[in-house]
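Guided by the hints, dock chain X with the ligands onto chain L, whose structure is given.
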Amino acid sequence: MAQAQLSGIKTGLQADVLPPRRHPLAEFWRRYRRNRLAVVGLVIAILFVITGVGAPWIAPYSYTEQNLDAVELPPSLAHPLGTDDLGRDQFSRLVWAARTALIVAPSATVVGVTLGLVFGLMAGYFGGWVDRLIMRLSDVLFAFPGLLFALLIAATLQPRFEAWLLRFEVTKPWVRSGYAEFLVVITALSAVGWPGLARLVRGQILSLRREPFIEAAEALGIPAHRILFRHLLPNALPPVIVAISMGMGGAILAEASLSFLGIGIQPPTPSWGAMIINNFQYWRRPSAPWMLWAPGLVVAALVFAFNFIGDGLNEALNPRERR
Amino acid sequence: MARLLDVRNLETRFYTQDGVVHAVNGVSFHVDEGETLGIVGESGSGKSVTVLSIMRLIPSPPGKITNGEVIFEGRDLLKIDEEEMREVRGNRIAMIFQDPMTSLNPVLTIEQQITEALELHLGMNHQQARRRAIELLKMVGIPAAEQRIDNYPHQFSGGMRQRVMIAMGLACNPRLLIADEPTTALDVTIQAQIVELVKRLRDEIGMAIIWITHDLSLLAGLADRIIVMYAGQVVESAPTADIYRNPRHPYTIGLLQSIPRLDEKRRERLAPIEGLPPDLIDYPQGCPFAPRCRFAVERCFEEDPPLEKVGPEHEAACWVKPVGQEVLAAWRAAVLES
Ligand SMILES: Nc1ncnc2c1ncn2[C@@H]1O[C@H](COP(=O)(O)OP(=O)(O)OP(=O)(O)O)[C@@H](O)[C@H]1O
Ligand SMILES: [Mg+2]
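Line by line, the protein sequences are chains L and X.
In terms of our numbering, the first sequence opens at residue 1 and continues consecutively.
In terms of our numbering, the second sequence opens at residue 1 and continues consecutively.
By construction, these hints were calculated from the structure, which means they are not laboratory data.
It should be emphasised that the depicted structure is a prediction, and the values quoted were computed from it without experimental measurement.
Here a beta-carbon is modelled for each residue, glycine too, at the ideal position from N, C-alpha and C.
A couple of the hints might just be wrong.
List of simulated lysine to aspartate or glutamate pairs, DMTMM-like, C-alpha gap at most 25 Å [to be verified]: (1) X/LYS138 with X/GLU42; (2) X/LYS309 with X/GLU298; (3) X/LYS309 with X/ASP224; (4) X/LYS64 with X/GLU181; (5) X/LYS79 with L/GLU215; (6) X/LYS138 with X/ASP215; (7) X/LYS309 with X/GLU326; (8) X/LYS64 with L/GLU215; (9) X/LYS64 with L/GLU211; (10) X/LYS79 with X/GLU11; (11) X/LYS64 with X/GLU42; (12) X/LYS64 with L/ASP131.
Some chain X residues judged to face chain L by a derived CB distance under 10 Å, without partners named [to be verified]: (13) LEU52; (14) LEU57; (15) ASN105; (16) ILE273; (17) PRO277.
In isolation and in its complexed conformation, chain L is listed as follows:
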């Protein structure tokens, strides 16, 4: 009898068609690839990283090398993008500025994302006064226009921070080498960056907590911290990854904007924003629009690229589509 039942069960199973197995990463890439713009964005982003890392080898000149006999030259073979008012090779500065952006944007994003994740998880999981405190804080930060707030932080922080660094022998050289500026800009950008992500993560956790599989995990006696980090967090990640990618583009733009306004990264350290403001005077000179266009286009291309990547990730990671 039991035997008959068993075989009955087995026969029923034959009808269950098993979907083909694929490595999750291969599956992910298959979905990502479908979005052409996302692939283009990825290529641009990779070029950006290669340029930033390989700046010393790619740039024909140093970014500080001046040649006062060759100022404001139009493009030529020796200077593909011409020279600026101090006779520095524009192309080399453009390449070196990629390195600046490559240091500032990911660092600011990583710090901002970490803060956003931690605060968002805490707010969503603990609720109560922890939630209220974090959310009020993020409300306050949200109330300011992001860039204005970053500007405020950078402008007030920079002199104090540098004065403080100059008090110690070890940290003194940081000021002259420009590290201090980097730290200030990274701090300012991450302070502005976290509240949006914290809200996103909080919302994710709140909605995921009602999912049956979380109830099922609780019914198995899994402790709270494991439910939070092993069961909830991975499910909350896809939109976070998308936000990180979009945030990278935003950080590049924000860094350029700060240096455009003369705050943060200071010359001679090259920055796209500084190049734009430095070349602003040539705006109306028909002979030299490229000095303005080149850095502007690069920043715009990167902002678009990271947004396209974000879109592609969104489609590839969307759990509704995956199920």
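Quick look at chain X with the ligands alone, frame taken from chain L:
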């Protein structure tokens, strides 16, 4: 047989913006070792809230267990601390849920989900836990268990996922398995397979089962005893045979009349119970079923009837207690005539 679970006077409320939801109102029942108890009742009658209260998994806020005792293996689960309760969950009492499509975590493999409880409760290392997990998957009839264990839930069909849920539930050899409508989301043939599977496993492992359903016919070959719930109360409780043969509560009689029978060809002969269950926020005075009841007398609208003994193991909460045997016989005769 030894008493495994004794629920006494359980009362659970939800404090919502619209008012206090009286979800469970003084529910008492028991489960003996190795016994299968069926709980039936229509949607919203408080079946899930009752068992979630036993597991102390009521979302709070808004929910709160406001009264009662849940004696399991000799101690009151409502009095022990959270740490001890976690040791009970998944280990001594396991639970499987209605919707197998959403009850498994989509980002974790089957292995990760089954081994977690084994490592946690039984202190197994990963190797042992994996071996045991494969064993469990074979036990619930997953073919090619050694390979399938590394799959993600979306690679399984609904019926297979429910088997995986059952494997997870049985992982730590619980004394009590609570199944909250585990077959409702599955199609009929798969339903029957799952019921057969659970019966077989029950006989092999010897655990007790609480099986929740709103389909009374499903319990026929499965449950030893049945309790019928209505508006957060137990309105009838009896051995399975007595519920079918001689129900004494009008609601149970109504449920039996709404089951399609094989010997009836035309569906319109079914008699669904008219009307709607009461509003649990504005809980009615008197018997909650009275407004829908064919047998109601004046007293039913004034006083809520208590559960009273009507047979050796048979209780019903009704002032009238119609003899279901006669009512059903008359009804069948009328149906056959027409
Ligand atoms: N989190 C909650 N907040 C407010 N009310 C709730 C909550 N959970 C359940 N309830 C209420 O408690 C009552 C009983 O619900 P329960 O889920 O126990 O019904 P059920 O008998 O399991 O029904 P079903 O057959 O549909 O599963 C319902 O009126 C429901 O609205
Ligand atoms: Mg339910």
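- Query: Can the hint on X/PRO277 be confirmed by a CB-to-CB distance to chain L that is less than 10 Å?
  - Reply: violated, 24 Å
- Query: With a cut-off of 10 Å, does the beta carbon of X/ASN105 approach a beta carbon of chain L closely enough for the hint to hold?
  - Reply: This hint holds: X/ASN105 lies near chain L, its Cβ roughly 5 Å from the closest one there, short of 10 Å.
- Task: Measure nothing beyond the straight line between the CA atoms of X/LYS64 and L/ASP131; if it is 25 Å or shorter, mark the hint as holding.
- Result: holds, 22 Å
- Item | X/LYS64 paired with X/GLU181 [C-alpha distance capped at 25 Å] | holds, 23 Å
- If you draw a straight line from the CA of X/LYS64 to the CA of L/GLU211, is it 25 Å or shorter? holds, 20 Å
- Restraint status (C-alpha distance of X/LYS309 to X/ASP224 at most 25 Å): Given that 25 Å is the threshold and the Cα spacing comes to 18 Å, the pair holds.
- Message: The hint names X/ILE273 as touching chain L; please verify it with the least Cβ-Cβ distance against 10 Å.
- Response: violated, 29 Å
- Query: Holds or violated: X/LYS138 with X/ASP215, Cα cutoff 25 Å?
  - Reply: violated, 29 Å
- Query: Holds or violated: is there a CB of chain L closer than 10 Å to the CB of X/LEU52?
  - Reply: Since chain L brings a Cβ to about 8 Å from X/LEU52, closer than 10 Å, the hint holds.
- CA of X/LYS309 to CA of X/GLU326, is that 25 Å or under? Holds. X/LYS309 to X/GLU326 sits at ~19 Å (cutoff 25 Å).
- Keeping to a limit of 25 Å between CA atoms, is the pair of X/LYS138 and X/GLU42 held or broken? violated, 35 Å
- Message: Need the status of pair X/LYS64, L/GLU215: alpha-carbon distance at most 25 Å?
- Response: holds, 17 Å
Hints 1, 6, 16, 17, counting from the list given before, are not met by this structure.
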